[in-house]
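Protein sequences, first through last, are from chains A and B.
Take the first sequence: its letters are residues 12 to 347, numbered as in this note's numbering.
Take the second sequence: its letters are residues 398 to 491, numbered as in this note's numbering.
Some clues are possibly wrong.
[Said to hold, decoys possible] Far from chain A, some chain B residues (derived; all Cβ distances over 12 Å):
hint	residue
1	400
2	401
3	402
4	423
5	427
6	434
7	436
8	439
9	440
10	444
11	449
12	458
13	462
14	470
15	474
16	478
[To be verified] One side only, chain B facing chain A, incomplete, derived with CB under 8 Å:
hint	residue
17	416
18	441
19	448
20	479
Hints in this document: simulated from the structure, not taken from any laboratory.
Glycine included, every Cβ here is placed at the ideal spot set by N, Cα and C.
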Amino acid sequence: MKLAVDGTACLGSFGTGMEALLRGAPLPAVHADGRAVAADTSALKARLPARALRQIDHFSRMALLCALNALEDAGIPESPPRDTGIILVSGYGPATPTFEFQDSILAYGEILASPLAFSRSVQNIPAATLAVTLHLVGPCATVCRGDFPVADGLCIARQWLEEGRVERVLFGAVDEYSPLLARLTRLRVGMRASRAGREGLRAALPVSEGAVFFCLTADKDISAFAGKCRRGCIEDILFGRAGNIDPPDNTGVGTRGEVPVFLSGAVPRRLRALPGMRHVGHVYGNIPIAQAFDAISALSCGNGLPAGRALCLAHGTGGRTACLHVRQAENRGGAS
Amino acid sequence: MDIRTALKQELIKELRLEDIGPEDIDNAAPLFGEGLGLDSLDAVELTVLVQRRFGVIIEDIDAAREAFASVDALAGYIETRKGELPCAGPGLSQ
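Bound-form chain A, shown alone (with noise of 0.2 Å):
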């Protein structure tokens, strides 16, 4: 079953909406500490009370302002029909409120560590935060992992459309900036780096933050596909150990120019080189949901996709991959 993508959102150091990540600018570092800009959710305040916001952290306001801009690009209420699902992904979920819980328990014992830190810190709290917003009843999740949160959090959502639980899925990817995560991301990347000849596309550029969206629903009709979904379609999600040069062949598309392909992740640096690669993370920056961030690139780029049609390949740890085969909705167009 394929995933139509009714609506889209994004924002991020590079700015909000898909006018500002295809604008293409390479993403400065601006801190000392090689971080980006942090994402912008002042716009937020227009669209809620101040007091509803004053317990949502940078992290889930992230999410709730992509998620409320997903849904209006999608042309629904910003109370969406209660039938349904919240799937957020992140690479490390809210780490900033995790790392201030556990200083509040180094400076003050268990006993007098913050509620309220411990409240934020809470895994799924940024998906509850949405829900509670939204006043969505139907099932919630998060799924955290460092190695393709985005995939398996999409796999999630076919199966719930899938099982006919929902009718409907808002899917979130996410991910904040942390001096600690930074710290140690650029350690890794270095250590992987000067180990084996990897993580050549992603070493140099800013660590960043920032939220992609998208409203998701059953394609269950191939040939009602054209006009259907307002941005196209998410075919297939694979996974594959896959030499770590090609796709995984089983995806029917081709390779090798046939389809372009956008990288993200630990890419050994010889990829770059091949006809068809794209690799669009100097825009976006360094980020553990950078293959969301593929996929709205892919799905938005107007005609700059020969067939409507394009690979999405995170490489993970050990050489594995995760594949989401993307194509855009017939008249598509530009950024939105």
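Got chain A sorted already, so can you dock chain B onto it with the hints?
Positioned in the frame of chain A, the structure of chain B alone reads:
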């Protein structure tokens, strides 16, 4: 610094009361509901905050109801019980 000003600064910082200053908080106004708009999660945080900053334990719901009525009430509650326990963090004297 007097205890009311210190309390207001702690409330603003720890409970993330955005876009207001200590001067905007009425000493007699209710902290919860229509006043500052705090909620039950804030009450738990405030209980911990009072213990670690001022060394005063708010033992039960009745004590909390009395102490959390307003800044004035909380200041009074702390002043009459201050020193029961050592502060866990930087207190008024610092």
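Which of the listed hints are not met by the structure? Going through the list in order, the structure violates hints 6, 7, 8, 9, 10, 11 and 20 and respects the others.
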